[in-house]
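Participant: Listed below, chain by chain, are the residues.
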Amino acid sequence: MSGDQLNRLPMVLSVVVGLTLSILPLPRWLDIARPDFVVIVVLYWSIMVPRAGGIMLAFACGLALDASKGVVLGQHALALSLATYVAIKLHLRIRIFPVWHQALTVFWLLVLYQFVLFWIDGATGHPITNYARWLPAFIGAALWPVFAGLLGNAYQRT
Amino acid sequence: MVAFRTAETRPILGRGPSPGLRFFFFALLALGLMWLDQRQGYLDGVRHALSMVTYPFQLLVNSPGAAWDWLEESFTTRERLSRENEQLKARLSEADLKLMRFADLEQENLRLRGMRAATARIGERVMVAEILEVDLNPYRHRVIINKGTRDGVFKGQAVLDATGVFGQITNAGVFTSEAILITDAEHAIPVQVNRNGLRSLAVGTGDLSRMSLPFLPTNADIKVGDLLVSSGLGGVFPAGYPVATVTKADKMAAQTLANIVAQPAATLDRDREVLLIWLTQRPVTEVAPESPAAASPAVKQP
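These protein sequence lines are chains U and B, in that order.
For the first sequence, the numbering used here assigns the number 1 to the initial residue and increments by one for each residue that follows.
For the second sequence, the numbering used here assigns the number 1 to the initial residue and increments by one for each residue that follows.
In short, the hints are calculated from the structure, not lab data.
We treat Cβ as the ideally placed atom computed from N, Cα and C, and that holds for glycine.
Please note: incorrect hints may appear among the correct ones.
Examples of chain B residues lying across from chain U (beta carbon under 7 Å, computed) [to be verified]: (1) P19; (2) F23; (3) F26; (4) A30; (5) L50; (6) P56; (7) L60; (8) I131; (9) L132; (10) V134; (11) Y139; (12) N171; (13) V174.
Turn these sequences into a full structure, and let the hints guide you.
Facilitator: Rendered as structure tokens:
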């Protein structure tokens, strides 16, 4: 992969912004609904430019999330790698979907991501069985057109 | 201008492994990491390294709040400062008065302990730490503080605030550490009713204003208004600090266990600064010199 004349700067910058947003202090009612910014950013780049970041990017971002959230190392890394793998497998199809259809697909990817987190939470003995934990998937999918627009802007500059 | 190569211009050879293979590799790596971290606890070094990577993010996110505090501090009026100064002086003289009595009591306590041939008492060193304004997980009560192993912080260290027990360190990084609050649903602290010395565990409920005592029988001598202090059992928390006040004590005769709810003494949701505490066991040889045999560590302090 190295040696390509890829300009990865927009991708790296958007991931950094996503990581910052994911720990930004918010009031509790907003905190519960906070979309998984990092996941959406990684999914976007995996769909648009699967060879630029791909699963290695997902794994690295997942590890950063694990470290900053203080959970067992590898939890977010596994969940994000899996969601990204599915996104890369389907990227040629997702790309040509109309935007609302893309949002639906991303919704299921976000649910898959949350499910892996939920499962590992349970397996490591810290289950969170609140229904509100699925809320970020809905919010994230609903905001997908906005994210796609913003990131599309960055994509044009690559 | 799109610099990414399209499928036509991209070389077919040298593409590297397929996504499936890559995913398989990284999934195995993630599972291995989880196993090592959860079951073996080998990864403290990795955690330290990663915490250094995330430290700039945490500082960045914390900076608006910190800047606001700084601005507020630099633009306080003289009048307000002098008023605050007066208040603090009044509080200090009050505290001094209490301290005089405390010194007297401490001496008496030491003498009595010497007579009972108890071996050690707790010496304490404290350090002030600041809570970083960083959101971790809305369903867990964890905070990040701005002191780490560089300042001597260690895993399992007790954290207090000005009014009571706050929590303990779960993860000590180099510059920052993570602490769990006593109200987290996964936390329990050994406590004692201050009035009669009854011991139990106070368990977090996941609600910042409530703790519960699930292991007391209905005939236990505990009532609304009782102060719960840390008992010092388990060796994590120092003994005798306020933990919570009982707000509800349901004792239904039909049940074996009472339903007891307490409100934490620490102002968990409003704290900006907390105290880290180091305990040191010190023998009380200077008070009990008469019988060296009795001073041997046969009787442990409860």
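Participant: So, for every hint listed, does it hold in this structure?
Facilitator: Hints, one by one, checked against the model:
A least Cβ separation of about 5 Å between P19(B) and chain U falls short of the 7 Å threshold, and the interface hint therefore holds. Proximity of F23(B) to chain U holds as hinted, the smallest CB-CB distance being about 4 Å (cut-off 7 Å). Using the Cβ-Cβ criterion of 7 Å, the hint placing F26(B) at the interface with chain U is satisfied: the shortest such distance is roughly 5 Å. Annotation: A30(B) was flagged as interfacial toward chain U, and the flag holds, the nearest CB pair being 4 Å apart, inside 7 Å.
Taking 7 Å as the C-beta contact cut-off toward chain U, the hint placing L50(B) at the interface holds, the least distance being around 4 Å. Among the interface hints, the one on P56(B) is violated; its C-beta lies about 10 Å from the nearest C-beta in chain U, farther than the 7 Å criterion. This hint holds: L60(B) has a C-beta 6 Å from the nearest C-beta of chain U, less than the 7 Å allowed. The interface hint given for I131(B) is broken, as the beta carbon of that residue sits about 11 Å from the closest beta carbon of chain U, more than 7 Å.
Because the smallest distance between the Cβ of L132(B) and any Cβ of chain U comes to about 9 Å, over 7 Å, the interface hint for this residue is violated. Interface restraint check: V134(B) against chain U, minimum CB-CB distance 5 Å, threshold 7 Å, status holds. Because the beta carbon of Y139(B) sits about 5 Å from the nearest beta carbon in chain U, less than 7 Å, this interface hint is met. Hint on N171(B) holds. Least Cβ distance to chain U is approximately 6 Å, under the 7 Å limit.
For the restraint placing V174(B) at the interface with chain U, the shortest Cβ-Cβ distance is roughly 12 Å, beyond the 7 Å limit, so the hint is violated.
The structure fails hints 6, 8, 9, 13 (numbered hints given earlier, in ascending order).
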